[in-house]
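Novice: Every number in my numbering is 4 more than the matching position in the sequence shown, counting from 1.
For the record, the hints were derived by calculation from the structure and aren't laboratory data.
What you are looking at is a predicted structure, and each value in this text was computed from that prediction instead of being measured.
Hints are not guaranteed to be accurate.
[Stated by the list, open to error] Calculated cross-link-like contacts (lysine-lysine; reagent style BS3-like; alpha-carbon spacing at most 25 Å): (1) Lys106 to Lys117; (2) Lys117 to Lys71; (3) Lys106 to Lys77; (4) Lys293 to Lys256; (5) Lys293 to Lys280; (6) Lys106 to Lys71; (7) Lys287 to Lys256; (8) Lys280 to Lys256.
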Amino acid sequence: MPRGRHARRWVFGILGLAAVSAGLLPLMRGEVKAPSKVDGRTTLVSLAESLHRGDPRGVAELLNRAKPPADGKLVAPTETEALTWVEALSGLRGGFLSLPLKDRIVAVEAACKVLNRFAAEPAPPEWFRATGPVHDILTSALADPSAMVRVAAMNEVARLWTFEPGRPMIAVEEETLAGWKATFQASVVRRLADPEPESRVAAVACLGTLPLSEPAAPAVAYLEDPSPVVRQQVLSSFSRRPSLLPEELILKRLYDRDARVATTAEIVLTARGLSKEQIGLGKMISHPKAELRASVIPLLVERTDLDPVVWLLQLSHDPEEFVRTKSIEALASRVEVPEVRTRLEEMSAYDGSATVRQSAAKHLPAGSEATAALPPLPGSPILNPKAN
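Make the full structure from the sequences, and use the hints.
Specialist: As structure tokens, this is what we get:
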């Protein structure tokens with residue numbers, strides 16, 4: 005995960021957001037008559053007036069002009085060109101809410117493509133003025149009554165997490181840009197509660213591309229979402245982020261009631277390096293029936309090709325008392341392993357079952373103090389079944 009400079013931008017930037025929308029310098033306004041028609045010959049300044057009136061023709065023309073050239077090589081705007089692009093964005097912001105649904109979707113794409121022009125080097129200092137209108141357009145789109153508009157906005161935000169202008173930034177610019185991005189994160193997290201599955205899918209996918217772990221983490225809980233497409237998206241979006249999506253959560257989805265989700269879970273586990281045999285063991289450990297979960301314990305004890313401790317430690321957290329008791333009996337012969345001793349001490353002191361507490365205490369070495377251990381941090385190797 006990116007740290008240091010990028011993390012600092014995220015954390016310190018929130019307070020600087022006000023400078024984006026409230027501190028913009030005066031834009032090129034002037035008295036511009038509404039054009040009778042909008043086409044490729046319309047100037048951007050005239051186009052801005054059309055956009056402010058909510059003219060769908062202006063939105064389509066802005067998108068057409070903002071698209072990168074055929075060769076994909078963006079050319080940074082000059083300072084004068086930058087001002088006219090900002091004027092167009094300001095017009096688009098003014099007319100956004102009056103646009104028909106399909107044109108609001110186009111407007112979201114157009115705004116972000118205009119902003120992306122400032123990623124080319126050498127970007128002019130005016131790049132900063134573009135962030136205010138884009139922020140307001142995206143924020144409005146993220147709260148739009150239409151799921152289609154919200155989805156379009158989240159798709160664009162996913163591309164903006166890594167946006168930086170094509171020029172060195174001073175500290176205040178870095179901090180404010182970080183705060184600008186942070187406001188989108190809060191809006192996207194709110195979309196996780198949307199009633200439409202397609203909106204929740206887009207929110208999970210958007211957060212899955214966020215480079216920092218803590219802001220992305222809320223999406224992982226939707227591995228339990230009632231919609232299979234949302235559960236599948238969590239697996240796909242966080243497949244390469246074991247610190248957020250550990251193997252034990254994926255193993256449970258091997259029994260998902262939707263076959264597509266179960267297949268995706270197996271693909272993710274395979275991509276993480278688990279063998280078919282390990283996945284088979286994990287499937288037994290995650291089986292809905294407690295008897296089958298307990299039946300894997302003697303099989304693990306006999307294995308010499310993998311470390312059974314990590315699996316037994318997982319079973320020691322099983323919701324069923326007799327499964328935890330059996331895991332203690334298997335762990336007892338490995339009490340010299342620090343993680344095992346710590347877990348047994350924890351169980352002897354804090355397990356909800358008196359039988360389990362007594363069993364754990366019985367297998368601790370004489371003179372051992374039963375002290376509670378802190379739970380493993382996300383991504384701890386004791387939570388991730390690995391072969392020797």
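Novice: Work down the list of hints and note, for each, if the structure agrees.
Specialist: Results for each hint:
{"no.": "1", "hint": "Lys106 to Lys117", "result": "17 Å, holds"}
{"no.": "2", "hint": "Lys117 to Lys71", "result": "6 Å, holds"}
{"no.": "3", "hint": "Lys106 to Lys77", "result": "28 Å, violated"}
{"no.": "4", "hint": "Lys293 to Lys256", "result": "12 Å, holds"}
{"no.": "5", "hint": "Lys293 to Lys280", "result": "21 Å, holds"}
{"no.": "6", "hint": "Lys106 to Lys71", "result": "18 Å, holds"}
{"no.": "7", "hint": "Lys287 to Lys256", "result": "8 Å, holds"}
{"no.": "8", "hint": "Lys280 to Lys256", "result": "16 Å, holds"}
Hint 3 from the earlier list is the only one contradicted by this structure; the remaining hints agree with it.
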